[in-house]
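Trainee: Chains as they are written, first to last, in numbering that gives the first Met the number 0: chain H, 0 to 178; chain Y, 0 to 356.
None of these hints come from the bench; they were simulated from the model. Being a predicted model, the structure only gives us computed values, none of them experimental. Among the hints, a few may not be true.
[Claimed, not checked] Here are the simulated DMTMM-like pairs of lysine to aspartate or glutamate, each with C-alpha atoms no more than 25 Å apart in a straight line:
(1) K174/H / E179/Y
(2) K341/Y / E209/Y
(3) K90/H / E179/Y
(4) K90/H / E192/Y
(5) K38/Y / E122/H
[Claimed, not checked] Pulled a few chain H residues facing chain Y out of the computed Cβ check, cut under 7 Å:
(6) Q33
(7) V73
(8) L77
(9) L84
(10) P85
(11) E88
(12) L89
(13) P94
(14) F99
(15) W101
(16) V177
We put the beta carbon where it would ideally sit given N, CA and C, even for glycine.
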Amino acid sequence: MFFIPGIVITVLTFPGVIVHEAGHLFFCRLFGLQVYNVCFFQFKNPAGYVVHENSDNFTAQFFVSMGPFISNTVLCVLFCTAAFLPVWELKIADPLAYFFYWLGISIGMHAFPSTTDLKHLWERAPALAKKGNLLAILSLPLAGILVVLNYGRIVWADLGYGILVGVLGPIAIFKALVR
Amino acid sequence: MRQVSCSRCKASFPLRSTLSLNEQTYCENCAPTIARESKETGQAAVFTRNIDGSLCALCGTENPSGSDFAFRKKLPFCEKCGPLVERWPYPVWLKLSLAGLVLLLAASLLHGRRYFHAGSEMYRGEGLVKQAKYAEAVPHLTEAVRIAPGSDKAVLLLAKAALKTGDVQTAAKALQGHEEGRFENGQDEDFLEMKALWDRATTAAKKANEAGKLALEGAKDVEAAKLFREAAAEYPESKEMTAAVPYFDEGAAFEQKDYDRFLALAQEVFAKKPNATNAATIASAWACKYAVSGNAHFKNEAEQFLLKAQQMPQSDTEETKQMEEYVPRIRHRIDSRQIITKQEYDKRFRSAEKGKK
């Protein structure tokens, strides 16, 4: 067994960190939340952050917290779709395809929201879900799963998620297109 | 910077470093004690941070006029920081990077066009193979393998589809073009299925080849027909092999002097494939029956089919050659009422001709 420090993986997958924080910033601006500090990448934990005001608006809170999860996942699927066939199915040694795959997986593995973001959602969602707020209803299981996956980062759940999305996403797209 | 006194220790502190609870002000040192005391009396202590309106909440700059900065939502910000927190700008490098990312995405999709084509052909072929539409699958999979000859999946699917339609050549070409026939997982179900098919096809091809050699040797047509039947049974997917069985049976019937069966087989073959050679075979069978019986009706049938065979267009030079070889032998059989094999005929008439030349 060998141990790879998390920071090494973070450095190797830095585009994902930047895209994640850019996603937070984008949604903060979209919902008019004040932003007090932004770090897109640094060589320590956390690798990036956006310090912003807390919102009373649950929709804003949901998108600021979950937005990067959605955007990173979508970008991961798109980049991996472009590279999936030569890398996995066609076995063509195309360096460009491997580059796109690395980019896709890097972005995908930094999709998970931070535990703090999830905590805020988790605190407010149950009461709103009882009132029938659809986003709150959706965020309950999602946040629950993501909290578990966040703990799973110790065993590379984030990398596993990136690879899973980068493989299953393109397969689903191709099967749907060919049908 | 505004100063206030702590309600507990009475010391003076900057306003922004203090906390409020129940309209009392506490310094950061006393606040934990107050919180503990509140907890002991069963009351929750929720402190709020005091805001010094004359200090910018972000950069800490003091308003030179001493008055409050404009509050944006709940916090005071200087003129420089106010717009910043309201609309934190995207750094130029980030904008450029995101533009680059979009360009890369477009480039990656454009770059992958060839692969999408190969992939869609492969998935289409895979779907058709699953529906057992092997002949329809072959062109799609051939296209996929043309672009990706190293793909285990595409090659295995093509080999399987081709072998299922009896097209050993296409399967062999695909397999040889793929790492010289080596595959990543030799225990893979698809690989094992293809291998079983391949083994059957090659065994059948060997037997068919041997049968062909025996048929050419002469006087071994029965043996050749038996072997060829085995080959066709081994690999029933080959329509060509199945279709060739009656030709070998014709040879066997001729060798066994069963001319009724010879004629029946020749007529059966002609009905399926009416060409000059097959018409000549019927003439040959009638000629055999005439030779052994002297029945003029048989002779008449032989003559009619021989004429018909000669009048029919010949598909290629190979058939022309076959007819040039076959017709004189049939003519000899009708004229002499002698049934001799090709080898005997060649020995008697053609070796002398060769000698003359």
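Trainee: Quick one: which hint numbers does this structure break? Sort them smallest to largest.
Mentor: The structure conflicts with hints 1, 7, 13 and 15, although it agrees with all the remaining ones.
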